Amino acid sequence: MVASGLAILTRQLTKIYPGFWKSQQVAALTDLNLAVERSQIFGLLGPNGSGKTTTIKLLLGLINPTAGDALVMGKPAGDQDTRRVIGYLPEESYLYRFLNARQTLDFYARLFNMNRAQRRRAVDYYLDFVGLDPAVRSRRIGTYSKGQARRVALAQALLNNPDLVIMDEPTSGLDPVGMLEIKNMIVRLKEAGKTVLLSSHQLADVEDVCDRLVILYRGRVEIQGTLNELLEVKDTFQLEARGVTPEIQAQLMEIAQRNGLTDVRTGRPRVRLEDIFKNLVDSKRTTERRKG
Amino acid sequence: MHHSFNYMSLVADAVIIIVLVAFILSAFRDLARIGTGISRAWAVGRIAFIEAWHNRMWAIPIVWLVICLILGFTIVRGYTPGSEVRVYLTIFIRAQEIILLLYLGILACLSLPRERERKTLITTGSKPVTRLELLLGKIIGLGAAALVMLLAMMLCTWIFMKVVDHRIRSDAMAMYKTEKDHYDALARHVPPDFGLLYTAKHGVLQAQNYITGTLRIAGLISYLHNPPIRYMKGGSTEKVYFEFPSIPANVNYQPDFLFRFRLLPLGHPAKIHITAIQRDNPMLTEEATVKLNASGEAAWTPKHPFRFFSYTDPQTGKVFNPGPVVLRVSCPTFHVYLQIGDGTSLSNASCIVTGVNAAMLHQHGIDYILPKPTPIITGFKSNGWQEITGPGKTGRTPPEVASWEFAHLNPLNIPTDKGDKFTVHLICGVSKETNEAIPTWVALVAYSRDDPSNPVKMLQLHINEKRVTDVHLPRRLLDGSPLIINLSSIVHGHWLKIRTNSVRIMQKPSTFIGNLFKTELIVFCEVILLITIGVVSGTALGWPVALLTTLSCYVLGNLFHFVSELAKANGFELLNVVQMHRLQGVWYYQLGSFVSGVMVHVLEILVYLLPNFTRFSPLPYITASRNMPWLFLAQNIFAAIISIIPAIAFGYIVMRRRELS
Ligand SMILES: Nc1ncnc2c1ncn2[C@@H]1O[C@H](COP(=O)(O)OP(=O)(O)OP(=O)(O)O)[C@@H](O)[C@H]1O
Ligand SMILES: [Mg+2]
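From first to last, the protein sequence lines stand for chains V and E. Numbering of the first sequence is given in our numbering, commencing with residue 1 and proceeding in unit increments. Numbering of the second sequence is given in our numbering, commencing with residue 1 and proceeding in unit increments.
No lab work stands behind these hints: they were computed from the structure. A quick note: this is a predicted structure, and the numbers were derived from the prediction, not measured. Some clues are possibly wrong.
Unchecked claim - Straight-line alpha carbon distances no greater than 30 Å define the calculated BS3-like cross-link-like pairs of lysine-lysine that follow: (1) Lys-421(E) to Lys-497(E); (2) Lys-183(V) to Lys-119(E); (3) Lys-119(E) to Lys-75(V); (4) Lys-497(E) to Lys-146(V); (5) Lys-22(V) to Lys-119(E).
To be verified - Some, not all, of what chain V presents toward chain E, calculated at C-beta under 10 Å: (6) Leu-62; (7) Asp-81; (8) Arg-83; (9) Arg-84; (10) Ser-93; (11) Leu-95; (12) Phe-98; (13) Gln-103; (14) Phe-107; (15) Tyr-108; (16) Arg-110; (17) Arg-140; (18) Asn-160; (19) Pro-176; (20) Leu-180.
Ideal placement from N, C-alpha and C gives every residue a C-beta, glycine not left out.
Chain E with its partners taken away, still in its complex shape:
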């Protein structure tokens, strides 16, 4: 599959630019009037708002609240406090989105056609109001209606969540008291769950603003070296990923992959399992298991080189380039550790490509290709979580280590307490294979990457499953180089379930109402975009067709990723690789493939032309951590504006010469 620059998005951009230029050329007289025009547009908007009100806009928040309460009380049964809040927020905000999109989308589609049908456009059109102002006015009016409804619904959500929060806090406090009383009375040997105290004090609504790092897993980390050396653990689910750019080859030169691992213990016999994957087409793979020799080396040549190397067809001169290649390597041999080099130079790369073609040698003076530096190691993965094991029973086998790297930290954004310490939160899941009665303890090591000799070590931290553990680290770690935080379980049989944000550097918390408001603003961006599309569809079409058009825009806008991925994979051919190879050359297959290819590309242009509705997804933030980063809000507002302006331009061009009666 030829991976190349995306021309379809370019076509779409070109169309949008042409529309904008045509708009500016044709509308400059109307645009020059926009100074006084804004107040006329606002006058039109007021009427649109009053019309919405007479269309029972006030009933929408009530209907919404009833639906949410019914859904909430039937669905939310037996959830933990954290997920209970998550579910409520999901229901409340998702329902707002759906109801507003439906209601205002319909009103927007109706607004201009209905005025045309009732002929009120004749009276209004005889006044000194431009068509641009009419268009803007409708959008402004319905936008204001959306805002009013959103604010009403936000207020209801806030009150409801406050009540839930209050209940959760008092429950947590009561539970903590009981646990503490039992502990004090020696009836319980596990100390009371301080996570409960945390919940009781802060509630579950306060937004956690934090910085996340990049997570890497290592079977073992040796701090004796600078930078510390990472090992992959044999016999575990750990995998290391080496990514190479496009690898050139030709008929005479066939590259190999060369693996060089330092083994621990030295000279122990070991095997590695290799899976080669086309990065942009992950269904095309090849697997192999090879033995490492005594010095930990092995060479491997793929059986289907054309899947991974770029070739030039000697007859046609056409280049066949499969794009970047990823090698996923795991080690099935128990009791060994494979040292993973950083790959910044030939001597410390654990996997390289050798024997590349002469042109490359000529150009760069080298005959090997290095992978992307610092290859990623992952542990056992399930549902977005990774698991790292605790130490072996006897303590001979060390635990796996999860390592977070926080680059580009700005100390000004990170508050410190009186002792000049900043706060890091740990939130991990725990699965206990053995030692169920023992609380989970973890070891935490933090250091600057450029200064690993001066780490902060907390070798016995008590954590509770899925509850926050506060860790206070000295401020000096924030200065300069990236901060590394390594975490491992120190209890045999206790596995830690982690993900990227399991270790987070805390910033100032923000209030729930503020973050809720920001969330509503994102919903508003989405709604006003749909309103614009609806009003614009109504400029030229009757309301049934306008409704259909708007709906199609919304659906296609939500299929953005699906369609662009489909087009990247050359349509449906991806779905059946075997058939494709068998049928290549049969004329009806060729024809069908051509037609489907054209259709997919037309769809792709359309998808790039229409606004991408997948961008507006406020839920993950507000449900996971009750916050809404300014950056995300800004991105959404920007995306909305970027889509609204061409839509208005298009609507204006359509409406400019249209008769109003």
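This is chain V alone, in the form it adopts within the complex:
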């Protein structure tokens, strides 16, 4: 089966949020076709309201698609058994305000049917892992700062050692050190053979970690491909070398045409992801404005 090799596969996935009148309906996602391979870091980008969170909720079965379908780890989205191997970090830290960090993680561990010893081990391990200040661990989450709550939310997403981690803006609310830690953690997850689906507005981070990405605009995929494919400037060639004097430089051009040199790096120049994103959004907006 083709699907079994893929962590996520969607076909014509569409979501229209219902409204009482037709004008109130929101086409949040239109004909999304995604294929995320296993052990990949996949980026889901797009401006505000472009349907990233909607996609993720559809993949988790939290909302029902209007049309199309999605397979997650080879099973239909929302399947109870696949949820065992999925970790989900919501875009905001939706946690019970009246529980403390330990109780919270203990509760989610119970939902994975862990026994008492497993729970205790997992709770301590992941609270250390996300670096939550030990002083606040037995305080109610209602009193936490945004970043502290974010760390607890992150811990609950990793609690079951998932094969597929879905993160909706994981770095929102974190301090710079926290952001760096998250970035490293995502790379480590990949090294451990996990699949990561990531939505983020931190383009620099996405650029650093992602293998593949899509950019959504108004619920439609506008750009999709591997990072290399997207960032390469295809009609240009670049040559780089160390210790090049101006005389050699002239010769090099000659020599390079005939024989290969050591330590000569050639390649195509790269644009920055930010530029691509900005160009896309700008051009879309201008066409929209022109149409009225």
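Keeping the supplied structure of chain V fixed, place chain E with the ligands upon it in accordance with the hints.
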């Protein structure tokens, strides 16, 4: 009024069965997971419990206790010890019920909507937990909260009642001592009240588990015959009730009622007063007074036969069936006794229907209808009590007799003492018309119905008003046939106030704490049912509408009897029979009547669909006799389960495809 099978309850049952089937079909995958699911549901439940705790659940028992103490100390003034305990228990348990229903009903309605608003349902919903487990978890968690609060309140109730009991016991002992000292010192000619001693010894909390019989009154009972013959006393308030099934008639055949009483003294002129009543519609009556002839016979034909006999309309062929008919007969003539036959055969029935229609004759080969056997005789009734008179001044007029029949006794359930005797308690009220200074004495006769020739007679028993009198009867009376116990006052002017449980066969007493616990369990059944309804309402609705829905369910559930009776009487037409007859045929009346009829039936279906909250009434038992029969508890638990399962099924069906964010 056409009394027929209740289709509305059938409609409601059908809806419930459809819901259950749909549930099983749609939930079988989730149900298959329920093995590990229970622990996940429990995890959800723990969170619901902790949330309740953070919503100041711990303050509820404290608030309750304060309210109860204030109410208790302001209301309970100058009550007798027995009723004092009753009032305290009523306040304590009723307040528990109200507070818990309010608090947990609100929490239940809030539980799912609030999670949806705070979006915690998104995080939880991404975990391997099914919606069924979420639903069950909420119910379990709030149920656990209810249980914890109930146990706390039970403990407070128990401690409080123990203190009250201790005070009552020492008061009773002191009073008994004073009375005894006065009696011993010849300053008082009435012996000390041994009921006080009983109270001092056992307290007022020990549960009285007992078996009650069926009570019948007779003006006089003659033991010379087998079975003994019952007489109704003329000039008294006694009434005898003859009940007939639906009586067929048609235009050509008009049945009569035929009365045949044997009179004592023979041939004395006497009258009877007859009231004919539709059993299912007791406002439709007809009264008449007729004279009995020298052999005690009289025939009577109702003036409005269509009220009591079933007719077929010759034009439409429609059957008009008023249902069973009850004839209530009393005798206004003084100094006579009317012998009431058992009605098991034509020769010993005191009232029969004759001249029934030919079809009946054809089918059964008889042209009469017998009443239900062993007609009921009642004495003067007030507030659920009946009164029987004592003997006449000269002893010529015998006292009225109250007769209890205990059928299906199981000797294993009735403890016996060393002398192989079992205990019967007498508790009667006494109203003294004359001879106020004399203590009340009663006569008690007990025998097996199949062996009346070997009775146990206690012809002079001393009783105290509303206090227990112990009577010990030999065990042989329990074997085999029904036990009959007859009781009459033997003091002129002393009337006995009795009711069904005034004579009771005592079983093993049970502890107060055990019965209190069982009572709390019944409250728990009621509360968890409301929690279920609240949580289920919250699956689809926002909390304000969920609250309203739950409240409506509770109110309708408490109006069960009102609505089903209303529907049985075809809506509000019952309320004004005269208008109904006058207006029949006027179009706007017909329309209004039709609309109100439809509305009442819709209401009726609704009432049958929703759980019947009137079932959960623990108070009568615990207040009246401090006990709680296992059977009643089991019935309540069963009723709760029967209502909870369809509610959960319905909630699951609603929630199954709902989006969690
Ligand atoms: N429950 C809802 N009902 C109606 N419309 C909704 C609902 N949820 C989201 N939408 C709309 O759907 C569209 C996509 O929303 P979504 O949350 O998926 O965006 P996003 O890409 O995650 O944006 P952001 O970067 O701001 O998080 C938006 O226009 C939003 O207004
Ligand atoms: Mg979003």
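Restraint satisfaction for Asn-160(V) [CB to CB of chain E, less than 10 Å]: Constraint on Asn-160(V) satisfied, holds at 8 Å.
Let me know if the C-beta of Leu-180(V) comes in closer than 10 Å to any C-beta of chain E, holds or violated. violated, 25 Å
Does the CB of Leu-95(V) sit less than 10 Å away from some CB of chain E? Holds, about 7 Å.
Satisfaction of the Leu-62(V) interface hint, Cβ to chain E closer than 10 Å: OK, holds: Leu-62(V) within 10 Å of chain E, min 5 Å.
May I ask you to test the interface hint for Arg-84(V) with respect to chain E, counting a Cβ-Cβ separation under 10 Å as satisfied? Where the cut-off is 10 Å and the nearest Cβ of chain E is about 5 Å from Arg-84(V), the hint holds.
Taking the closest Cβ pair, is Phe-98(V) under 10 Å from chain E? Interface hint status for Phe-98(V): holds (4 Å vs cutoff 10 Å).
Is the shortest C-beta separation between Arg-110(V) and chain E less than 10 Å? Arg-110(V) check passes; min Cβ-Cβ to chain E is 3 Å, inside 10 Å.
Below or equal to 30 Å on CA atoms is what counts here, so check Lys-183(V) against Lys-119(E). Measuring from Cα to Cα gives roughly 26 Å; hence the hint holds.
What's the verdict on Lys-119(E) and Lys-75(V), does the C-alpha distance respect the 30 Å limit or exceed it? Satisfied, since the Cα-Cα distance of roughly 25 Å is no more than 30 Å.
If you take the shortest Cβ to Cβ gap from Arg-83(V) to chain E, is it below 10 Å? Since chain E brings a Cβ to about 4 Å from Arg-83(V), closer than 10 Å, the hint holds.
Would the hint on Pro-176(V) stand, with a C-beta cut-off of 10 Å toward chain E? Given a least distance of 26 Å, the restraint on Pro-176(V) is violated.
Given Ser-93(V) was flagged as interface, is its beta-carbon under 10 Å from a beta-carbon of chain E? At about 8 Å, which falls below the 10 Å cut-off, the nearest Cβ of chain E leaves the hint on Ser-93(V) intact, so it holds.
Of the numbered hints stated above, those contradicted by the structure are hints 4, 19, 20, listed in ascending order.
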